[in-house]
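Peer 1: Sequence lines, in order, name chains A and B. Quick note, the first sequence lines up with residues 1 to 441 if you use UniProt numbering. Quick note, the second sequence lines up with residues 1 to 233 if you use UniProt numbering.
The set of hints was computed from the structure by calculation and includes no laboratory data. Ideal Cβ placement from N, Cα and C applies to all residues, glycine included. If a hint is listed, it holds; no wrong ones were tucked in.
With a straight-line cut-off of 25 Å between C-alpha atoms, the simulated PhoX-like cross-links for lysine-lysine are:
#1 A:Lys108 / B:Lys213
#2 A:Lys83 / A:Lys65
#3 A:Lys122 / B:Lys69
Label pairs and their in silico Cβ distance ranges:
#4 B:Thr168 / A:Asn69: 43 to 51 Å
#5 A:Gly70 / B:Lys208: 54 to 62 Å
#6 A:Leu4 / B:Glu177: 52 to 60 Å
#7 B:Tyr225 / A:Asn14: 16 to 24 Å
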Amino acid sequence: MDDLYLDNIDEFVNDQNKIVTYKWLSLTLGVHVNTAKQMLYHYLQQKRNESSGTPLHATYLVSGKCVENGSTYHKVSVVREDKLDAVKAKMDVTISVHVYSVQRAELKDSSPLYSTDYDAVKENLKNCNKYSAIRCAAAVPLSSSELQRAQEKALVPPVEKEISKPGFNENTSATSKPSAKQPAGIMGMFASKNASKSQESSKEVKTEQKEDFSLVETSKSKTASKANPMSNFFGKSAQKKADEKPNKSIKEEMDSSSTASATASLKQSQTSSKSETDVKEEQSKVSKALKVESKDTRNKTKRPEVVDSDDEKMLSQQKKRRRIKKPQPDSSDEEVVPDSPPVPNVHTPSPKKQVKREPVSHQEESSEVKRRKRRRVLRSNTFVDEDGAFVTEKGYVSESYSESEEEPESNSQAKDSSSLKQSFGKREEEKKEESEEDLCC
Amino acid sequence: MIFYKRDAPLFIKGCCIYFGCFSMATLTRQDLNFGQVVADILCEFLEVAIHLILYVREIYPSGIFQKRKKYNVPVQMSCHPELNQYIQDTLHCVKPLIQKNEAEKVVMVIMDKEHHPVERFVFEISQPPLLSISSETLLSHVEQLLRAMILKISVCDAVLDNNPPGCTFTLLVHTREAATRNMEKVQVIKDFPWIVADEQEVHMEEAKLIPLKTMTSDILKMQLYVEERTQKN
Numbered sequence: 001m002d003d004l005y006l007d008n009i010d011e012f013v014n015d016q017n018k019i020v021t022y023k024w025l026s027l028t029l030g031v032h033v034n035t036a037k038q039m040l041y042h043y044l045q046q047k048r049n050e051s052s053g054t055p056l057h058a059t060y061l062v063s064g065k066c067v068e069n070g071s072t073y074h075k076v077s078v079v080r081e082d083k084l085d086a087v088k089a090k091m092d093v094t095i096s097v098h099v100y101s102v103q104r105a106e107l108k109d110s111s112p113l114y115s116t117d118y119d120a121v122k123e124n125l126k127n128c129n130k131y132s133a134i135r136c137a138a139a140v141p142l143s144s145s146e147l148q149r150a151q152e153k154a155l156v157p158p159v160e161k162e163i164s165k166p167g168f169n170e171n172t173s174a175t176s177k178p179s180a181k182q183p184a185g186i187m188g189m190f191a192s193k194n195a196s197k198s199q200e201s202s203k204e205v206k207t208e209q210k211e212d213f214s215l216v217e218t219s220k221s222k223t224a225s226k227a228n229p230m231s232n233f234f235g236k237s238a239q240k241k242a243d244e245k246p247n248k249s250i251k252e253e254m255d256s257s258s259t260a261s262a263t264a265s266l267k268q269s270q271t272s273s274k275s276e277t278d279v280k281e282e283q284s285k286v287s288k289a290l291k292v293e294s295k296d297t298r299n300k301t302k303r304p305e306v307v308d309s310d311d312e313k314m315l316s317q318q319k320k321r322r323r324i325k326k327p328q329p330d331s332s333d334e335e336v337v338p339d340s341p342p343v344p345n346v347h348t349p350s351p352k353k354q355v356k357r358e359p360v361s362h363q364e365e366s367s368e369v370k371r372r373k374r375r376r377v378l379r380s381n382t383f384v385d386e387d388g389a390f391v392t393e394k395g396y397v398s399e400s401y402s403e404s405e406e407e408p409e410s411n412s413q414a415k416d417s418s419s420l421k422q423s424f425g426k427r428e429e430e431k432k433e434e435s436e437e438d439l440c441c
Numbered sequence: 001m002i003f004y005k006r007d008a009p010l011f012i013k014g015c016c017i018y019f020g021c022f023s024m025a026t027l028t029r030q031d032l033n034f035g036q037v038v039a040d041i042l043c044e045f046l047e048v049a050i051h052l053i054l055y056v057r058e059i060y061p062s063g064i065f066q067k068r069k070k071y072n073v074p075v076q077m078s079c080h081p082e083l084n085q086y087i088q089d090t091l092h093c094v095k096p097l098i099q100k101n102e103a104e105k106v107v108m109v110i111m112d113k114e115h116h117p118v119e120r121f122v123f124e125i126s127q128p129p130l131l132s133i134s135s136e137t138l139l140s141h142v143e144q145l146l147r148a149m150i151l152k153i154s155v156c157d158a159v160l161d162n163n164p165p166g167c168t169f170t171l172l173v174h175t176r177e178a179a180t181r182n183m184e185k186v187q188v189i190k191d192f193p194w195i196v197a198d199e200q201e202v203h204m205e206e207a208k209l210i211p212l213k214t215m216t217s218d219i220l221k222m223q224l225y226v227e228e229r230t231q232k233n
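Please construct the entire structure, taking both the sequences and the accompanying hints into account.
Peer 2: Here it is in structure tokens:
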């Protein structure tokens, strides 16, 4: 192939200061992804050999087999160049390594990588797998009647769920553990618990399927890292979360709005991998079903993840926990401030409304008793209402948990739920909803 | 032109989690609150952008940041309650200025230990006089543009030198003439006074100008550039 592409890449990287991922390059230049990967590799080689000009940074996608805790699993991760050798060494068998992206800036986290591909994929939504190396004969767009049926089905269960059990976002722990570990150290300060976690340096995993899976993943990683203050609050180290037992109530409450394939593969990953790592399943592309209109796949929840405790760590008694809530004085109508997570060890004068709780102590008990109780927890639920718009509702719902878990006293105030419409950039036809309520603090 | 500033917070209090959500109506010409809508969009964006700049320029340790989603992409937002409160309060005060199209620039100044500015992230804002809401895809277009701005902030490391350790930041607003009289009259948030900025924070000696991104849309024009001091240490 001619070398014109090298100039193209050079322009993108150096002049425009863009992040050039292989997928973006393949969509931009109209080449197969494997060609794009090779192009990036050659470009890197050339620039490195020249040893002049601005420094370049690269990220790599590494996939291989790992054995951890006795079980073997396939691990795929996107790593920075400086961590590449370490990650490769950790794997038993390295199946593939290729350049994921090239950029001038040294990226601190993986969000820009996702952003880069987002718009490119969105523009080419109908043929985003045109240059892809992944093929699935069964992956064809849904006909409009099938789509309608799927949408109707999605409407019914979330309405039921909203009242009874909140939907959990599945097993975020496995996939999002690494990125959540470091923050948890300082987050723990806010929750007055210094958990010592090893910092996983490899970046979050990505799939070919940015539209759907990564969204689920993004929301998962969000909930996981959000869950960490919660988990600190529950008086367990995040390490314990990694040792989740399969028979949790989480499984029952799998969010129905995820795609079946995502659920299936995630279940698989949950059972197969217990400890922290970047576990990722490469899925075959499901095209039209995951289009923007398909509300099933849009999982915009921000649910805190609550994990049942393990049998090992028990608390001797329920302790009161201090909960500080700062009412948002002038929050606009659109902003909603949910209750803050319970914060033990806070030493400031309390604002008007607060429920006092004492800090949790970690006491390991040998007691095997585990009683299940119900408590009210703030849950956030996303569903599609009659207008066809997304509604996120935050409300207190009763939820069963085991006594060994740290348990916040349910907030005396709060039965309010607020419903918010998240439609920015999606549905311009929506009318302004007057039914938004602020979360009463 | 008079500039206002507000000092950054110093200590830690309790913890709160928040998220902002924005609901958009079908914009018609009869809608009174069009200015408000634009102000809302802009303030949301500025909040995300400020948090992201704090993350990317390492003003605060990365541990306090958490991934959240905005405009359908992951962004880093801080969980530090005082910091969040400060940023929110500041933007809350800026919002009425934007509504009336009186805010010319919102500047985030990064200062070293001696309170000399080392970097100034300038968001120049202008609203076209005849706000036209012609296309249906306006909002998704605006979202796309804002996404691109966020992305540009993420890679601004490549064009900027490293900052010295121990930097702090402050937010300034440059307003047009008429706004100054109103600012003093209206105390938007109690105990959150705005004061006229010091000359040394407003002007930076030996500044290099580095443009980052420009966006033009029907409802809003925004330019983001960085003024960087040549000698940072």
